[in-house]
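Residue numbers (this note's numbering), protein chains in the order written: chain P, 1314 to 1746; chain U, 1314 to 1746.
Calculated from the structure, these hints are not laboratory results.
One or more of the hints may lead you astray.
A pair counts as met if it fits within one copy or between any two copies, since identical chains are not told apart.
As the list claims (entries may be wrong) - In silico EDC-like links for lysine to aspartate or glutamate, alpha-carbon gap of 20 Å or less:
#1 K1330 to E1667
#2 K1330 to E1353
#3 K1330 to E1435
#4 K1330 to E1662
Since we're looking at a predicted model, the values are computed, not measured.
2 protein chains.
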Amino acid sequence: MSTVAEKAREAREASRKLAALDGSTRRASLTAVADALTREADRIDAANAGDCSLAEREGLASPLQKRLRFDRRKQDQAVEGVLSVARLDDLVGRVVDRRELDSGLILERRTTPIGVIAMIFESRPDALVQIAALALKSGNAVVLKGGSEAKESNRVLAEIIHDAAAGAGAPPGWLQLIETREAVGELLDLDRYIDLVIPRGSNDFVRYIMDNTRIPVMGHADGICHLFLDRGADRDMAVSLAVDSKTQYVAVCNAVETLLVHAEVAADIIPAMTEALRGHGVELRGCSRTRQIVPDMTPATEEDWGTEYLDLVLAVRVVDSLAEAIEHINTWGSGHTDAIVTSDREAAERFLREVDSASVMWNASTRFADGYRYGLGAEVGISTARIHARGPVGVEGLLSYKWIVTGSGHVVEDYASGRRSFTHRTIPPQEEG
Amino acid sequence: MSTVAEKAREAREASRKLAALDGSTRRASLTAVADALTREADRIDAANAGDCSLAEREGLASPLQKRLRFDRRKQDQAVEGVLSVARLDDLVGRVVDRRELDSGLILERRTTPIGVIAMIFESRPDALVQIAALALKSGNAVVLKGGSEAKESNRVLAEIIHDAAAGAGAPPGWLQLIETREAVGELLDLDRYIDLVIPRGSNDFVRYIMDNTRIPVMGHADGICHLFLDRGADRDMAVSLAVDSKTQYVAVCNAVETLLVHAEVAADIIPAMTEALRGHGVELRGCSRTRQIVPDMTPATEEDWGTEYLDLVLAVRVVDSLAEAIEHINTWGSGHTDAIVTSDREAAERFLREVDSASVMWNASTRFADGYRYGLGAEVGISTARIHARGPVGVEGLLSYKWIVTGSGHVVEDYASGRRSFTHRTIPPQEEG
């Protein structure tokens, strides 16, 4: 058995013990992790310094170098993140449904961890900490693969986190680290041990994962988000939301890539919006009607509608109606996050209903689409699938459930023959069955 | 564009309209479907008679011929099924979560249909009716592929159901039928149109689907279910549950395939159980310890622990402890349905907690694991995955959700800069935000 398969099997075995832990032990494990990360800050510094200087020598692109750096401020944030996950309500083992099937025959649906989750992410050591904390809180074992640039940092963090949690009651082996690209290939074949893969990274990377495994994958490849300025849009609000949605943090999936503007307000809004966005260094690419209003804009082609720039570039298109905006978004978007700016409630409600995306917004910045901002505590990622969890995924998205039937010798033949019949009566979860 | 891709695209387009329908229109469509099925009974009879006589001429195995027959009694049951699905509570568009992120910034999570579901099933015309009804109730468009033996029946049923629903407000194209094996191959590539595949059929068939598509698959290949007779088991109850779990309907996934017996009660229970099961025509295959008690039993090999007989065959194994039973089930089972018979509450609770299956039962027949019996109205199938829906899947398992944010110009920069902070206050779904 390969090392990767052994690690995955160990995670599977640990997952069964982890699933049987009570919430207070899982919480104590998280607190122990936070304490250990604080106590071992020097060791983390040293490992991270090693990664950073190697990255510098190898000439890694500067945004990547920046993401790799895990300084004390980021470490403190990570520890605070672990503690805030520890403080979240315990969602594992809750009865979410209870019904009487017949006298003395009770059905319950109870939340459980999923089992073993593989997380494959690129070079941010803070991601490892957040993911490990969410896994522990939700009772899932994890197999982690971080970016090779962060190898030393990840190794030290994984060891500290694993050992601290295990010392506080988590089963040894609950967190596994794999380190090579070849190991990922092997991992993707291990559907007997791994229940879910969550990739975080570039579009190509996520698509590669999706194309190369039978294991369910949760995540998103593209984040092509839209802001639609309806004819009922307040100009100042429209400009402010465009600026925030585009520039507040440009290299992320919930930043806007295309602005749609209703023809009736285009002449009024586009000049002001162009000025504001250019003031933030944004290059605008316009459709022909946009360029009739601002002639010095680069022309947009069809390719622009399907591009996630992740950069200070924004495509602009004039549309004739709300319906056309919805159609554009459902055609070109990636089902991630799309927003409308309008004072017309009816138009907003139609947009929110008909735009087929994980998050839809009315008079708010697309940048709000995030697990922390949504109050989920933290997130393992954002899913654009319509299966299992959709949008920002926190602890709840890492849970499954099981059905529990208790009887006193009930047999199906009694119901098939008509001797007995089902009552199917809902019982509040508090009431004893 | 191939015909299959066209059909899938039409389903995708219809799905957006279907998602926007209100619950009363979906209910009216279902009632119209029930009426039309009743009205067109003669046409259904004729089509089904054609399929049945062809099957007879071609010498189709007799259980398959039996499943193919869609007589008036089965038709009435199917119509009653459609009406009972129509009567179910409407679960689409419900607000399942509402919270204030900050003053005037409200987050809601609202249930939505998944989108387009492909259902691939073998030769039962009643399955088509049930699946179409559940899809309509949950607001999903469907692409259906039934068994080729039921071609005429399926064609007529699909036309009647599609047209009746469309006449009552469902968007034309919401139900698509494909007919050939080649079409299935093409369908499995259409991840841009299809959100979920639900295969129902033999193990090999389901595994083939799982291995040949990037689209998420919901279902189960094996149903290797266990009944564990603990040392605290009442003998009569144990025998009665073994008989019901094995013989009530033998060719189904929730029938028991392996009986585990605690060593302390083996000598007492196994002879009585053997007599009762043999009385129902069951062939028993025992481990060596079982055969010390009943020597004329066929020996069981390791292969038996991993076999889904779907027939009047049952493997029997003596185990020394509850832990060994749990270990056996988690090793050899398929995570479908497993039950314990015991009067010891503590043992039962440990079994229910540690057996990692979709349904776990205490003193009840495994045959209860079924959407109708669980009170879900009906089921599209039973899932052994731990992602999305698990166990019997009814309307709720065909739903996704979207996040809806409404603000009044809120921007993320205000929170990033510390000018504002989140309140993250839960609001009951009734209260206005």
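Each hint tested on the structure:
For a Cα distance limit of 20 Å, the shortest separation of K1330 from E1667 across copies, 8 Å, qualifies, whereas the shortest one inside one copy, 44 Å, does not. For a Cα distance limit of 20 Å, the shortest separation of K1330 from E1353 qualifies neither inside one copy, at 27 Å, nor across copies, at 56 Å. Taking CA atoms no more than 20 Å apart as the test, K1330 paired with E1435 passes in neither setting, with 29 Å inside one copy and 39 Å between copies. Taking the shortest Cα distances, K1330 and E1662 sit within 20 Å of each other only across copies (15 Å), while inside one copy they are farther apart (46 Å).
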